[in-house]
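Going down the list, the protein sequences come from chains A, B, C and D.
Count along the first sequence from 1, then add 205; that gives the number in my numbering.
Count along the second sequence from 1, then add 205; that gives the number in my numbering.
Count along the third sequence from 1, then add 536; that gives the number in my numbering.
Count along the fourth sequence from 1, then add 536; that gives the number in my numbering.
Please note that the accuracy of each hint is not assured.
[Unchecked claim] Here are a few chain B residues that face chain D, going by a calculated C-beta distance under 7 Å:
#1 Glu222
#2 Glu242
#3 Ala244
#4 Pro307
#5 Glu310
#6 Ser312
#7 Met314
Because the hints were derived from the structure by calculation, they are not lab data.
No residue lacks a Cβ here, since even glycine has one placed at the ideal position from N, Cα and C.
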Amino acid sequence: MMSNIMEVKFSAKSENESLARVIVASFAAKLDPTLDELADIKTAVSEAVTNSIIHGYEEDESKLVYLRCKILDDTIKIVVEDRGKGIEDVDIAMQPLYTSKPELERSGMGFTFMESFMDDVKVSSIKNEGTKVVMTKKINLPK
Amino acid sequence: MMSNIMEVKFSAKSENESLARVIVASFAAKLDPTLDELADIKTAVSEAVTNSIIHGYEEDESKLVYLRCKILDDTIKIVVEDRGKGIEDVDIAMQPLYTSKPELERSGMGFTFMESFMDDVKVSSIKNEGTKVVMTKKINLPK
Amino acid sequence: MINYSLEHKNLLVDFMATELDHHIAGEVREKIDDILISKQVKNIIFDFKNINFMDSSGIGVIIGRYKKISSEGGKVFVVNVSPRVKKIFDLSGMNKIINIYDTYEEAVSSL
Amino acid sequence: MINYSLEHKNLLVDFMATELDHHIAGEVREKIDDILISKQVKNIIFDFKNINFMDSSGIGVIIGRYKKISSEGGKVFVVNVSPRVKKIFDLSGMNKIINIYDTYEEAVSSL
Ligand SMILES: Nc1ncnc2c1ncn2[C@@H]1O[C@H](COP(=O)(O)OP(=O)(O)O)[C@@H](O)[C@H]1O
Ligand SMILES: Nc1ncnc2c1ncn2[C@@H]1O[C@H](COP(=O)(O)OP(=O)(O)O)[C@@H](O)[C@H]1O
Numbered sequence: 206m207m208s209n210i211m212e213v214k215f216s217a218k219s220e221n222e223s224l225a226r227v228i229v230a231s232f233a234a235k236l237d238p239t240l241d242e243l244a245d246i247k248t249a250v251s252e253a254v255t256n257s258i259i260h261g262y263e264e265d266e267s268k269l270v271y272l273r274c275k276i277l278d279d280t281i282k283i284v285v286e287d288r289g290k291g292i293e294d295v296d297i298a299m300q301p302l303y304t305s306k307p308e309l310e311r312s313g314m315g316f317t318f319m320e321s322f323m324d325d326v327k328v329s330s331i332k333n334e335g336t337k338v339v340m341t342k343k344i345n346l347p348k
Numbered sequence: 206m207m208s209n210i211m212e213v214k215f216s217a218k219s220e221n222e223s224l225a226r227v228i229v230a231s232f233a234a235k236l237d238p239t240l241d242e243l244a245d246i247k248t249a250v251s252e253a254v255t256n257s258i259i260h261g262y263e264e265d266e267s268k269l270v271y272l273r274c275k276i277l278d279d280t281i282k283i284v285v286e287d288r289g290k291g292i293e294d295v296d297i298a299m300q301p302l303y304t305s306k307p308e309l310e311r312s313g314m315g316f317t318f319m320e321s322f323m324d325d326v327k328v329s330s331i332k333n334e335g336t337k338v339v340m341t342k343k344i345n346l347p348k
Numbered sequence: 537m538i539n540y541s542l543e544h545k546n547l548l549v550d551f552m553a554t555e556l557d558h559h560i561a562g563e564v565r566e567k568i569d570d571i572l573i574s575k576q577v578k579n580i581i582f583d584f585k586n587i588n589f590m591d592s593s594g595i596g597v598i599i600g601r602y603k604k605i606s607s608e609g610g611k612v613f614v615v616n617v618s619p620r621v622k623k624i625f626d627l628s629g630m631n632k633i634i635n636i637y638d639t640y641e642e643a644v645s646s647l
Numbered sequence: 537m538i539n540y541s542l543e544h545k546n547l548l549v550d551f552m553a554t555e556l557d558h559h560i561a562g563e564v565r566e567k568i569d570d571i572l573i574s575k576q577v578k579n580i581i582f583d584f585k586n587i588n589f590m591d592s593s594g595i596g597v598i599i600g601r602y603k604k605i606s607s608e609g610g611k612v613f614v615v616n617v618s619p620r621v622k623k624i625f626d627l628s629g630m631n632k633i634i635n636i637y638d639t640y641e642e643a644v645s646s647l
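Isolated chain A, as found in the complex (with noise of 0.2 Å):
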């Protein structure tokens, strides 16, 4: 059994996005994934960070991002989480063009695009205590 894990955390500034889906993307290249399910899990990491920057903390840049990785075997397990405001309505943020903030012209399409690229996500989030988002990929090993 191949296992391996890392934990991050990092200011909640948005040049960290591209911070979060480096960090990301180094570590499942170890799984060797192709360059689509590297871009996949990139774009799921780059969503749901971005929601901790806008949405759970409100670009409050002295508060901190929470990302943790994880490979077992053949899946790797991404965990994106904050302390920050909560989501009222799981069901409801997670439908798609759904948006509580399109005055910055938010598309509503962050969660749709980590459940199409991911093959698990759960959101879990308490209102003022923030949000967590399990996602889940395998990566076929044999190409």
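Go by the hints and put chains B, C and D with the ligands onto chain A.
Same frame as chain A, now just chains B, C and D with the ligands:
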């Protein structure tokens, strides 16, 4: 004042040495360092992380290496820490060519490289509790 | 962030970044909206040749500009999209309102 | 990890990795030591053309092979080193015992 922080922990596996380099390099990239400054930072991190894995944990992959980075204005501070076996005498350990593991073909140049490539290196260690290496480097903004 | 040129009221926008995410979306939006205020623009053509990553924040910027320009009868084109970015456009359903062409020339000649 | 070829007892070692750190040092060492046991080798020439990163663990592997080969009168050469890797060799003081040449041909013709 510009500031940014990142904290990472990862399994003490040798395959994560390159991960640590990539992570710190992407974080440091925000200071717009020269390629040579970036290589200096990567080398110093590689040495400290490798030491935690080999000497601190004697390659017990279930253990964790802690890496913390902070940018404050034009200076990056990097802390590499382990909760491993510690160093009896830090002054001796830091001497060029000193190694406690010649059988593993260690060159004894790890600390020397950290000191050559960073502006400042401080090592604190407690026997059987762990080792902490704090390194800083100022990136010269005007090129 | 972006370079632009204006020809016959067609605004050509060229990205200097390689990744169109939330971090650069804000600046891109401001820069373009400044141009829309100060110059006469009918259509916008986004050249994606440098972009190798885009997420839903990128979609937001493009839709936002589409809304501005389409209310005056203008169109939005994207050219030189990589297969990956194309996939993102397709998933977002934006390919129904935005015109995707291989090259700048094809976009212009369709006008 | 490595490719090798043997010509007139000169072992040419080519790295397939781009980074010579502790992670790959162990495998490189084992592979080369297997060859040293099974074949007749006098000198070793390391071709660094693919290596863009090396730390003190890399120095350790090269010194280790130098110790084996020099006790039998052999030499160690490194060729095609990048300026960065050259800096590491210089700092380690290894440039006094290891011969650094620009190309494989120069290394061989110096023998
Ligand atoms: N981390 C979070 N904290 C608080 N609210 C969130 C978080 N992530 C998502 N949301 C809520 O869910 C909605 C939908 O998210 P998403 O599908 O990513 O679209 P968008 O980010 O474009 O609004 C957001 O508009 C927001 O109201
Ligand atoms: N994290 C650590 N935990 C325990 N001992 C360490 C640690 N880092 C360094 N040391 C000790 O310091 C010595 C010198 O380290 P270094 O200069 O990096 O050389 P090398 O790693 O080649 O032995 C090591 O051989 C080891 O005894």
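A quick look at each hint next to the structure:
1. Taking 7 Å as the C-beta cut-off, the interface hint given for glutamate 222 of chain B holds, the closest approach to chain D being about 5 Å.
2. Checking glutamate 242 of chain B against chain D by beta carbon gives a least distance of about 12 Å; that is not within 7 Å, so the hint is violated.
3. Given the 7 Å rule on beta carbons, the hint for alanine 244 of chain B holds: about 5 Å separates it from the nearest Cβ of chain D.
4. At its closest, the beta carbon of proline 307 of chain B sits 9 Å from a beta carbon of chain D; the interface hint therefore is violated under the 7 Å criterion.
5. Because the closest C-beta pair between glutamate 310 of chain B and chain D is about 4 Å apart, less than 7 Å, the hint holds.
6. Interface restraint check: serine 312 of chain B against chain D, minimum CB-CB distance 4 Å, threshold 7 Å, status holds.
7. At a threshold of 7 Å, the smallest CB-CB gap from methionine 314 of chain B to chain D is about 4 Å, leaving the interface hint in force.
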